[in-house]
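Based on the provided sequences and hints, a complete structural model is requested.
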Amino acid sequence: MVAFGLFDDWHPQPGRLTTWTASPRSRAQMLEAPRHEIGPSYQQEAYLRAAHRNTGAALRVSRLCMISFDIPGVPDQRAMTAAVNEFLRRHDTFSSWFERDSGDRVIRHVADPAAIEFIPEDLGEFSDIAALRERVQAVTPGPFEWDCFSFGVIERPDSFTVYAAVDHLHTDGVAQALSCVDLLWLYGNEMAGTVTALPRVDGHLAYCARERRLNERLTLESHAVRRWVEVLRDNDGDVPSFPLDLGEAAGYRPGAQATTTLLTEPEMLRFEEACQARGGRVVGGWFTALALTEYELSGRTNYFGLAPANTRFLPGEEASVGWYTNLIPVVVPVDSGSTFAGLVAVAQESAECAKDLTDVSLHRVLELITPDLGIRTRPGFAAPMLSYVDVRKFPGAQLFDRIKGGLYATPASSGEVYVWINRLPEETTLSVLFPDTPQAHESVRKYIGAFTGVINAVVSDGDYAVRVPALS
1 MVAFGLFDDW
11 HPQPGRLTTW
21 TASPRSRAQM
31 LEAPRHEIGP
41 SYQQEAYLRA
51 AHRNTGAALR
61 VSRLCMISFD
71 IPGVPDQRAM
81 TAAVNEFLRR
91 HDTFSSWFER
101 DSGDRVIRHV
111 ADPAAIEFIP
121 EDLGEFSDIA
131 ALRERVQAVT
141 PGPFEWDCFS
151 FGVIERPDSF
161 TVYAAVDHLH
171 TDGVAQALSC
181 VDLLWLYGNE
191 MAGTVTALPR
201 VDGHLAYCAR
211 ERRLNERLTL
221 ESHAVRRWVE
231 VLRDNDGDVP
241 SFPLDLGEAA
251 GYRPGAQATT
261 TLLTEPEMLR
271 FEEACQARGG
281 RVVGGWFTAL
291 ALTEYELSGR
301 TNYFGLAPAN
311 TRFLPGEEAS
321 VGWYTNLIPV
331 VVPVDSGSTF
341 AGLVAVAQES
351 AECAKDLTDV
361 SLHRVLELIT
371 PDLGIRTRPG
381 FAAPMLSYVD
391 VRKFPGAQLF
401 DRIKGGLYAT
411 PASSGEVYVW
421 INRLPEETTL
431 SVLFPDTPQA
441 HESVRKYIGA
451 FTGVINAVVS
461 DGDYAVRVPA
471 LS
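Numbering (the working numbering), first residue to last: 1 to 472.
Among the hints, erroneous ones may be present.
Here are the in silico distance ranges between beta carbons for each label pair [said to hold, decoys possible]:
1) E121 <-> P34: 28 to 34 Å
2) A82 <-> E230: 31 to 37 Å
3) H11 <-> E121: 20 to 26 Å
Treat the hints as calculated values from the structure; they're not laboratory data. Glycine residues also receive a C-beta, built at the ideal position from the N, C-alpha and C atoms.
In structure tokens:
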């Protein structure tokens, strides 16, 4: 089973730590890289601006994402060095770095990928796993540094753990899985002395150019912009918010996480069948359950949620590492007579229609908004998000069990609640990241309880009828 969690949930076996970070020569060459006319993606720009606004925070504000897997035997340092460098040169997102200029613009610099050179350093034995986790984070800079990614091996007599820690600026959930496959493949090539080609990739730079061209053509009269404005206005002019009290959660602060098994695979199949029987699919089922949950907890009659959408569109982007996501809106109306069976097709249609907005950035829409439209959302917004991933469909997913694969991230929170539902071969898990406040812990406990109650009823009875909302 693939492990998911925060950095503190990563528990590799102790051993001798070797890290791969940029050589001084490589850093110097990268700093000389010229400016490039293509800016960051809209999501990257918003992320970089948030990181800059919170540079004085007591914790790492940018999100560090990590993959980890085990390999039997003794590591070959030469082969791993070659694999790491070929991986970084293969994906052009790693050839870019960003800065803010005097006009507050985020400027991209692009270097020759041949200038990338990561070298190993032996950091000695680590028996204290907490200290090892701290070291991994300490050697990986933040997103305004070019080399905001590092690699490592934890060596033991008969096996070793490989990890790649990459700032979210250059990765997403799909990219983490792709990174695992690439590194295994490239290391295997080096060990075998063969050249087995990986799939061709189109670069993230070309994606950013395409996204910018499309979004810069938008106006307030564009259909996609009008749809976003309508969705926001129907929600009192703002992005969604968590329906319960989170306490003093303003700004970035340490996050807490709750993870539980939501369904076994036989239960998941029954849930899937219940969705399909009423004209929906699993995605529509999750949003229906959330809509019913929020109605019961807060009386909200218009559920509005955001979901990350994979923006890999071209064939060469399917295997490309980089941040290829956008937020899309899902809206589900609820009332006192609503049932799961009656809403799941509506939720599914809303989720399907939202896909039309995959390439339209909400950040760009907010740039176009005029005061008369009554939109209260401002740049730098935080909003709840539901991400559903069928991990079984990840590239190389069949390997994850055998290599003890794991995906982890640092626990910074932006004052909102983020929900991940991950379908694995044997179970479906629910993970919730939220501000680490007493009120948030209690509110999230209620939220999870209500949500799982809806899901369990659908699994056992095939339906769920809404109860009287808390505020009625």
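Tested hints:
1. The given range of 28 to 34 Å is respected by E121 and P34, whose C-beta atoms sit roughly 30 Å from each other.
2. Between A82 and E230 the beta carbons are some 53 Å apart, a value that contradicts the proposed interval 31 to 37 Å.
3. Checked against the given bound of 20 to 26 Å, the beta carbons of H11 and E121, roughly 23 Å apart, stay inside it.
Violation of the numbered hints given earlier is confined to hint 2; every other hint is satisfied by the structure.
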